[in-house]
Every structure is written in C-alpha cells, then in structure tokens.
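Here the protein sequences line up with chains A and B, keeping their order. Take 2 as the starting number for the first sequence in our numbering and just add one per residue. Take 12 as the starting number for the second sequence in our numbering and just add one per residue.
Honestly, the hints are just simulated from the structure, not real lab data. Incorrect hints may appear among the rest.
[Said to hold, decoys possible] Derived pair list, reagent style DMTMM-like, types lysine to aspartate or glutamate, alpha-carbon separation capped at 25 angstroms: (1) A:LYS75 with A:ASP120; (2) A:LYS75 with B:ASP234; (3) B:LYS125 with A:ASP120.
[Unchecked claim] Computed beta-carbon distance windows for the label pairs: (4) A:ARG42 with B:PHE26: 36 to 44 angstroms; (5) B:GLU320 with A:LEU69: 47 to 55 angstroms; (6) A:ALA173 with B:GLY346: 50 to 58 angstroms; (7) A:ARG44 with B:GLY346: 50 to 58 angstroms; (8) A:ALA106 with B:PRO306: 31 to 39 angstroms.
Using N, Cα and C, we set each Cβ at its ideal position, and we do this for glycine too.
Residue strings, one per chain:
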Amino acid sequence: MRQRAMIAMALACDPAVVIGDEPTTALDVMVQAQILELLERLRRELGLSLILITHDLSVIAETCDRVLIMYAGKVAEEGEVDVIFRHPRHPYTQKLLGAFPNIHADRRTLDVIGGSPPDLRDPPPGCRFHPRCPAAMAVCREVVPPEVTFADGVRIACHLYPPGSDGSQPVASSPPLAASGSLVASRGGAGA
Amino acid sequence: MTDELIRVEGLEVHFPIRGSLLDILARRPGGVVRAVDGINLGIRKGEVLALVGESGSGKTTTGRVIVKLTRQTGGRVLFEGRDVSVLWGVRQLREYRRRVQLIFQDPYETLNPKQTIFDFVAEPLQVNHLGGSAVEREERVFEALEAAGLRPAREFAFRYPHELSGGQRQRVVIAGALVMEPELVVADEPVSMLDVSIRTELLRLMLDLRVERGLTYLFITHDLSLAWVIADRIAVMYLGKIMEIGPAEGVIGRPHHPYTAALVSVSPTPEPPTRGTRAKRTVLVGETPDAAHVPAGCRFHPRCPLAFERCRVEEPPLFDVGGEQRAACWLAEGGKALPVMPSVPGGAGVAADG
Numbered sequence: 002m003r004q005r006a007m008i009a010m011a012l013a014c015d016p017a018v019v020i021g022d023e024p025t026t027a028l029d030v031m032v033q034a035q036i037l038e039l040l041e042r043l044r045r046e047l048g049l050s051l052i053l054i055t056h057d058l059s060v061i062a063e064t065c066d067r068v069l070i071m072y073a074g075k076v077a078e079e080g081e082v083d084v085i086f087r088h089p090r091h092p093y094t095q096k097l098l099g100a101f102p103n104i105h106a107d108r109r110t111l112d113v114i115g116g117s118p119p120d121l122r123d124p125p126p127g128c129r130f131h132p133r134c135p136a137a138m139a140v141c142r143e144v145v146p147p148e149v150t151f152a153d154g155v156r157i158a159c160h161l162y163p164p165g166s167d168g169s170q171p172v173a174s175s176p177p178l179a180a181s182g183s184l185v186a187s188r189g190g191a192g193a
Numbered sequence: 012m013t014d015e016l017i018r019v020e021g022l023e024v025h026f027p028i029r030g031s032l033l034d035i036l037a038r039r040p041g042g043v044v045r046a047v048d049g050i051n052l053g054i055r056k057g058e059v060l061a062l063v064g065e066s067g068s069g070k071t072t073t074g075r076v077i078v079k080l081t082r083q084t085g086g087r088v089l090f091e092g093r094d095v096s097v098l099w100g101v102r103q104l105r106e107y108r109r110r111v112q113l114i115f116q117d118p119y120e121t122l123n124p125k126q127t128i129f130d131f132v133a134e135p136l137q138v139n140h141l142g143g144s145a146v147e148r149e150e151r152v153f154e155a156l157e158a159a160g161l162r163p164a165r166e167f168a169f170r171y172p173h174e175l176s177g178g179q180r181q182r183v184v185i186a187g188a189l190v191m192e193p194e195l196v197v198a199d200e201p202v203s204m205l206d207v208s209i210r211t212e213l214l215r216l217m218l219d220l221r222v223e224r225g226l227t228y229l230f231i232t233h234d235l236s237l238a239w240v241i242a243d244r245i246a247v248m249y250l251g252k253i254m255e256i257g258p259a260e261g262v263i264g265r266p267h268h269p270y271t272a273a274l275v276s277v278s279p280t281p282e283p284p285t286r287g288t289r290a291k292r293t294v295l296v297g298e299t300p301d302a303a304h305v306p307a308g309c310r311f312h313p314r315c316p317l318a319f320e321r322c323r324v325e326e327p328p329l330f331d332v333g334g335e336q337r338a339a340c341w342l343a344e345g346g347k348a349l350p351v352m353p354s355v356p357g358g359a360g361v362a363a364d365g
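Bound conformation, chain A alone (with noise of 0.2 angstroms):
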C-alpha cells in the first residue's frame, strides 16, 4: 500500500519519465508481483518512460526493454533485455546471471563472483572488472577496454569484444591471467 501510495505521489504532476530507485526491493514476492503489474500497465495507458534501478535481475527480465548493466562507475553492456539475458556477452553480466538463484532453473549451478567491488577512490587500472574476472588477459590490466555498439545494438566494453569484430563471438587478443575459475556450488556432496 505505502509503495502504491509513493506511485500515486509520482504520477501526481504527470510526468513523463518516472525512476524507480529499487521499487520493490524491500517487498514480498506476491507484493512484488502486484507492484510490477501496475508499473507495467501504467507505462502501457500513460505512455510512461521509466528508467528502473535496480540490482535485481528478476525484476529488469520482467519488467524492462533495454538493461544497462554497470560496473564501478562504468558501462559493462547494454542492449536489449531479450538479447542481453539470453546471450550475455560480458564476463561480468554472464556471472551476474549465473549467481542468481531460478526458481524455474536446475539449483544446482550458482555462479561466484570471487573478491568485491573495487574501492573507487583508487580503481584497478585497465578494466575495472579485471581482478575479478575469469576470462582477464593481460591488456585487461593495462588498457581501459572502449566501448563498442555491434550490429545488434549491444554496446560492450571488454577487450574479448574488441572494435572490428563482430561482436557475436569473443576474441581472446592477448595471454590470459591466471583466472579465479568458475565454481560450481556443491549442495551437500563434495566438500570445499
């Protein structure tokens, strides 16, 4: 009720673009539900944009056409939902889905993202997803990956996607660094 009362205060002097700062972050799933329907059929009958802020990859899936995903301050990929949740390009989106838990889904797999965002008074050089990232090589450590539109419109800012390529597979253009794997959560069975 209090979140479907901030939503009548916002839609109070009929705006045109609505941002929702994390709207059901703090609500019950059936709430949840409720909430982002009537988002949805607002933006349908008012003509609403609405740039949603959110860490909650449900929530962007359901509700969103194009995601921009961010990493310390700066653009990892952007595109459309549907292309970017099925084919996630970036290291840092494919982990990102990949620890986030489907009802829908096989449990057994939930991706870790080792270590933790970097301190942005003094971030890594290079790309800033670097020490965390399993597919890093050495220019990753050097030089600040551009940012890159393809064909598709999907903007990408890793050096697997550099400028020239088509964007569809990833291009390794320099040695690997020794990568913190991928790893698989165990339920019960094998130990750490």
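Chain A is fixed; fit chain B onto it per the hints.
Chain B in isolation, oriented as in the chain A frame:
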C-alpha cells in the same frame, strides 16, 4: 523419527493484544495475535530446512522460539528427543545456547560499531566461560574467522565493523555463531541485505560449512528461489500455519497447495518472460491479513483462486501427497494433483469434487 536433531510439536505463539483502558473497564475481551498457530516440524541431522513465508507468516517467530528468544504459548520443542521447551534461565540454557546458534538478517545492526571483530567473536565464549585460557580462546576465534572465510584471520581480527564490506560483516556474524561450535544454526534472512554476487558466496560458505562441520540449518527466508537453491526440504508458512512441506524438488516442481503454486508462479527469474510464461502467473489479490484476524476455515481461502464451500468452514489438515510431501488443502486430500491455477486474479474458481 530418530535421526531428527530438532522437532517442533504443536507450536503456538499467541500474543495478547492489550486493550485500551475503556476496553478493560467495559470488560471487553482482548484480542489475540496468533503469530504461530500450531505447527509441527522436524529437521534431520545435517539437513537444510527452509522456512518460507511472506511477512506476517510467523516464520521468524518460529525461529525465535527454537533459539529460545521467544516463549511459546503452546506445544513443545524437542532437541535430540529431549524437551527443551521447559528450560529457561542462563544456567539451564547454557548447553542449549552453545549448540543452537542464530544468525540475524542485518549485519549492519548485529555488529557493535565500537567493538573489534575479535571482541565480537570472542564475546559468546567469555559470556559462557568457554574456550579455556586466553591463548586457547584466541585460537578458537581465529579458527572461526578463517572458517567463515576471513583469511588471514589476524588481518581482520582487530578491525572495526565500519572497515568491512557488507559481505565481510555477515561473515563476521557467521564466525560469531561458529565459534560456539553449534550443531543447529537458525539463519533468519542471512543474505537478504546483500548484493547478488556476494549472496551466492555466503550461501556457498554455509553449504560448505555444513559438509565440514556437519551443521544442520533452519533457513528462514521470504525468497522461494533462495530456498530452492539451498534447501533439502522446504516448509511454506502462511498466517502461522504450514501450508505445504516436503523435499525442495517436490514443493517447487509439483506444488499441491494453491498458495505454494502461486508463490512459485510469481517468483521472479532472470529470464525475460515470453507470452507463455506471463500467462502462467497467478498474482494473488490483496495482502496477507493480520494474524489478529485469522479467517475461519482454511486461513488462505479469502485469497485462494480455487476456494470452494468447504474451505470457508473447515480447516484442512496436512494431507500426504506422496514423496514425503504434505499439503494443507482440501484439494490435496487423497494425494490428488492440484488443478490448473487460473492466471487472472480472482478468476473463476474451479469446482472440486471431494
């Protein structure tokens, strides 16, 4: 069952509502909040049982009774077959408190900002006069910190909470529980305050600790997808009662209670919905009623899209539906499968025979 570490029988927690002075003068009877309203639950040794429910379902109260922070008004709690519901007071509970530890939801509030990590983890040892000499105690603290993934422990031990990230703080909280070498850990929304990427690491840590230390978990969460990832068995609570309980695969894959089915259908996934998946969602209308006004009959019937006459008058018991799964729904009587749920909220109820 003999291999059960803990068993809850007929547990009830009813909080009286204090009426106003006028109510008392008029001798109007005060109301009662039925937070937990008669539940049975067993957790086997080494098992992870997830207790899932929306806010107001009584899941947290159940956890608090098990760790003896809240007094039950009915029923009992058996630990290794021994009735512990009668134990109260520091002396009687010393042994139980060591063996059963609680991990709270919010690592930002659990830690004292003026206490070092070492002092926080060592405190339960001091309070309970455990751990022997100062040197031995220090060893146990370091060992617990390392087990919780804070390595090297010496580097973390003398820091303050504000110097740590959210994930590290929750590891400190886990270390504070581990230092007691518990057998049962009650974890109340242990990862709900954390980011997705850090969340999986902590779930992973908890599962690893289960293997290494033979821990048993009661994992309390409102998030069915988390329960799906971590639990062996899932119990779904609604308004103080268990609606459905069974192995995770069964409860999620073949729910026999309309409430579970609705929860599963609206549980968000990171897959963009297609027209097909949208149509399958059952969004219930309204919110959970408050526990001071529990509906008659089946307490879920006012929100149930499949409710029929019997549900309004008679409360269903937990029916066995096979595969160690049980559901408290008249439609599950005799182990019948659940009819297809209408996807339109408040849609036509399905006629049921029997």
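We went through each hint and held it up to the structure:
no. : hint                                       : verdict
1   : A:LYS75 with A:ASP120                      : holds, 14 angstroms
2   : A:LYS75 with B:ASP234                      : violated, 30 angstroms
3   : B:LYS125 with A:ASP120                     : holds, 23 angstroms
4   : A:ARG42 with B:PHE26: 36 to 44 angstroms   : holds, 38 angstroms
5   : B:GLU320 with A:LEU69: 47 to 55 angstroms  : holds, 52 angstroms
6   : A:ALA173 with B:GLY346: 50 to 58 angstroms : holds, 55 angstroms
7   : A:ARG44 with B:GLY346: 50 to 58 angstroms  : violated, 43 angstroms
8   : A:ALA106 with B:PRO306: 31 to 39 angstroms : holds, 35 angstroms
When held up to the earlier numbered hints, the structure conflicts with 2 and 7 and fits the remainder.
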